[in-house]
Amino acid sequence: MRLFTHNMLSSNIKGVANGFPLRIEVDQVVEKQVDFNPDFLRNMFPKLEWKALVDAARTMGYTELPEEADSSMLESEEFLRKLHHALLEIHLEEGALVCPETGRKFPVNKGIPNMLLHEDEV
Amino acid sequence: MKLKQLESMLGELQQFSNPKAELEQYPTGPHIASRMLYTAENSLGDVSNKIVADFGCGCGTLGAAASLMGAEQVIGIDIDSESLEIASLNAEDLELDINFIQCDIRNLAWRGPIVDTVVMNPPFGTRRTGADMEFLSAALKIASRAVYSLHKTSTREHVKKAALRGFGASSAEVLCELRFDVPKLYKFHKKREMDIAVDLWRFAPKTNQGNDN
Numbered sequence: 001m002r003l004f005t006h007n008m009l010s011s012n013i014k015g016v017a018n019g020f021p022l023r024i025e026v027d028q029v030v031e032k033q034v035d036f037n038p039d040f041l042r043n044m045f046p047k048l049e050w051k052a053l054v055d056a057a058r059t060m061g062y063t064e065l066p067e068e069a070d071s072s073m074l075e076s077e078e079f080l081r082k083l084h085h086a087l088l089e090i091h092l093e094e095g096a097l098v099c100p101e102t103g104r105k106f107p108v109n110k111g112i113p114n115m116l117l118h119e120d121e122v
Numbered sequence: 001m002k003l004k005q006l007e008s009m010l011g012e013l014q015q016f017s018n019p020k021a022e023l024e025q026y027p028t029g030p031h032i033a034s035r036m037l038y039t040a041e042n043s044l045g046d047v048s049n050k051i052v053a054d055f056g057c058g059c060g061t062l063g064a065a066a067s068l069m070g071a072e073q074v075i076g077i078d079i080d081s082e083s084l085e086i087a088s089l090n091a092e093d094l095e096l097d098i099n100f101i102q103c104d105i106r107n108l109a110w111r112g113p114i115v116d117t118v119v120m121n122p123p124f125g126t127r128r129t130g131a132d133m134e135f136l137s138a139a140l141k142i143a144s145r146a147v148y149s150l151h152k153t154s155t156r157e158h159v160k161k162a163a164l165r166g167f168g169a170s171s172a173e174v175l176c177e178l179r180f181d182v183p184k185l186y187k188f189h190k191k192r193e194m195d196i197a198v199d200l201w202r203f204a205p206k207t208n209q210g211n212d213n
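So the protein lines, in turn, are chains Z and A.
By the UniProt record's numbering, the letter at position 6 of the first sequence is numbered 6, and the numbering carries on one by one without gaps.
By the UniProt record's numbering, the letter at position 1 of the second sequence is numbered 1, and the numbering carries on one by one without gaps.
Extracted from the complex, chain Z is given alone in its bound form (with noise of 0.2 Å):
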């Protein structure tokens, strides 16, 4: 699981108001290299949730993306390599995600989150 899946993701349990961002829980990360698309990356930047994606980084090990940021970092090529990294390239392999309001975990196993609720859940 990218960190651009786990940007977008929710806890779903019925009753949770505040269910993103998904805490992280690592047991394993790996890194595959992708192609760099810069016009991708200036795209969805005003999409993300800026705290959650560094704050996520930061529990996967990778802590070079600045606290705050703006659009005007996207003139900057090493700003750019440095999102495209975090955004794209390394993935929770194993480990869980971690409902902030009840702290129910979902695992995700082979890269695949597993969002399933249980019958009383939903």
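What the hints contain is simulated information worked out from the structure, not anything from laboratory work.
Please read these numbers as outputs of a predicted model, since none were measured by experiment.
Every residue, glycine too, gets a C-beta built ideally from N, C-alpha and C.
Please note that a few of the clues may not be correct.
[To be verified] The calculated EDC-like cross-link candidates involving lysine to aspartate or glutamate, where the alpha carbons are at most 20 Å apart (straight line), are: (1) Z:K110 x A:E134; (2) Z:K110 x A:E92; (3) Z:K51 x Z:E101; (4) Z:K14 x A:D104; (5) Z:K110 x A:E95; (6) Z:K14 x A:E134; (7) A:K20 x A:D104; (8) Z:K47 x A:E82; (9) Z:K110 x A:D104; (10) Z:K47 x Z:D70; (11) Z:K32 x A:E72; (12) Z:K32 x A:E82; (13) Z:K32 x A:D93; (14) Z:K110 x A:D80; (15) Z:K82 x A:E85; (16) Z:K82 x Z:E64; (17) Z:K110 x A:E85; (18) Z:K105 x A:E92; (19) Z:K47 x Z:E89; (20) Z:K47 x A:E72; (21) Z:K32 x A:E85; (22) Z:K47 x Z:E31; (23) Z:K82 x Z:E101; (24) Z:K110 x A:D97; (25) Z:K32 x Z:E64; (26) Z:K32 x A:E92; (27) Z:K32 x A:E95; (28) Z:K105 x A:D80.
[What the hints assert, rightly or not] What follows is a list of derived Cβ distance ranges for each label pair: (29) Z:N43 x A:G166: 43 to 53 Å; (30) Z:R81 x A:I196: 23 to 33 Å; (31) Z:R81 x A:M1: 25 to 35 Å; (32) A:K20 x Z:V29: 30 to 40 Å; (33) Z:R81 x A:K161: 25 to 35 Å; (34) A:G168 x Z:N114: 23 to 33 Å.
Let chain Z serve as the given structure and place chain A on it in line with the hints.
Just chain A, lined up with the frame of chain Z:
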């Protein structure tokens, strides 16, 4: 990519080894899948450089097709872990980079407008009535640009009404009628193989979509 090339690449994908009748797991054949994504891209520009979600992705054929047609990111979502495993292997075989999530489409919780286009071959609702409409409703909430979906031609009027009145779509258009081959997968199938008429739809979500959740 040419249509024929797309179809032949999709033809190599592995399909369900133990299909589950209750989930209406029918493989989306390479013929239909290639035409769906080829049209979405070449007639309407809804795929390349876009974020595309494949709802009920099964073995991942539509998502793979989207990726081959140049989607920037593809997210395959399915309730069934066995399907997702096959879908990841298929993506690996074609060297495609696809994100997968295991989730019941009905309970998908998504922050904000990120996905541009949803493509799907939903359950037709023959085993659990209304399953097709649950998929359509969820897709129209999440896509900011377009939803491509297959529905039985016999339900055309119903689909149109539900999309426009029920789910607030700003347009609902049948792009073409296709034949969906249904191989004899399940015991309750009496004939060896049959095909049914399906419509390829393009829906546009509410025009102001994307400003809030």
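Going through the hints against the structure:
1. Z:K110 x A:E134: Violated: K110 of chain Z and E134 of chain A sit about 28 Å apart, past 20 Å.
2. Z:K110 x A:E92: Holds, at about 13 Å.
3. Z:K51 x Z:E101: holds, 18 Å
4. Z:K14 x A:D104: The hint holds at about 13 Å.
5. Z:K110 x A:E95: holds, 17 Å
6. Z:K14 x A:E134: Holds - the C-alpha atoms of E134 of chain A and K14 of chain Z are around 17 Å apart, at most 20 Å.
7. A:K20 x A:D104: Given that 20 Å is the threshold and the Cα spacing comes to 15 Å, the pair holds.
8. Z:K47 x A:E82: With a Cα-Cα distance of about 32 Å, the restraint between K47 of chain Z and E82 of chain A is violated, given a limit of 20 Å.
9. Z:K110 x A:D104: holds, 19 Å
10. Z:K47 x Z:D70: holds, 12 Å
11. Z:K32 x A:E72: holds, 16 Å
12. Z:K32 x A:E82: violated, 24 Å
13. Z:K32 x A:D93: Roughly 16 Å separates the two Cα atoms, so the pair holds.
14. Z:K110 x A:D80: Given that 20 Å is the threshold and the Cα spacing comes to 14 Å, the pair holds.
15. Z:K82 x A:E85: violated, 30 Å
16. Z:K82 x Z:E64: holds, 7 Å
17. Z:K110 x A:E85: holds, 9 Å
18. Z:K105 x A:E92: With Cα atoms ~28 Å apart, K105 of chain Z and E92 of chain A exceed 20 Å; violated.
19. Z:K47 x Z:E89: The given pair, whose Cα atoms are some 18 Å apart, holds under the 20 Å limit.
20. Z:K47 x A:E72: Distance ~15 Å between K47 of chain Z and E72 of chain A Cα, so the pair holds.
21. Z:K32 x A:E85: Answer holds: K32 of chain Z to E85 of chain A is near 19 Å, not above 20 Å.
22. Z:K47 x Z:E31: violated, 23 Å
23. Z:K82 x Z:E101: Given that 20 Å is the threshold and the Cα spacing comes to 30 Å, the pair is violated.
24. Z:K110 x A:D97: holds, 14 Å
25. Z:K32 x Z:E64: Since the Cα atoms of K32 of chain Z and E64 of chain Z sit roughly 17 Å apart, the hinted pair holds (cutoff 20 Å).
26. Z:K32 x A:E92: holds, 13 Å
27. Z:K32 x A:E95: Judged against 20 Å, a Cα distance of about 12 Å means the pair holds.
28. Z:K105 x A:D80: holds, 19 Å
29. Z:N43 x A:G166: 43 to 53 Å: violated, 31 Å
30. Z:R81 x A:I196: 23 to 33 Å: violated, 50 Å
31. Z:R81 x A:M1: 25 to 35 Å: This hint holds: roughly 29 Å between Cβ atoms.
32. A:K20 x Z:V29: 30 to 40 Å: Holds, at about 33 Å.
33. Z:R81 x A:K161: 25 to 35 Å: violated, 49 Å
34. A:G168 x Z:N114: 23 to 33 Å: Check passed, 31 Å falls within 23 to 33 Å.
Consistency with the previously given hints fails for numbers 1, 8, 12, 15, 18, 22, 23, 29, 30, 33, ordered from lowest to highest.
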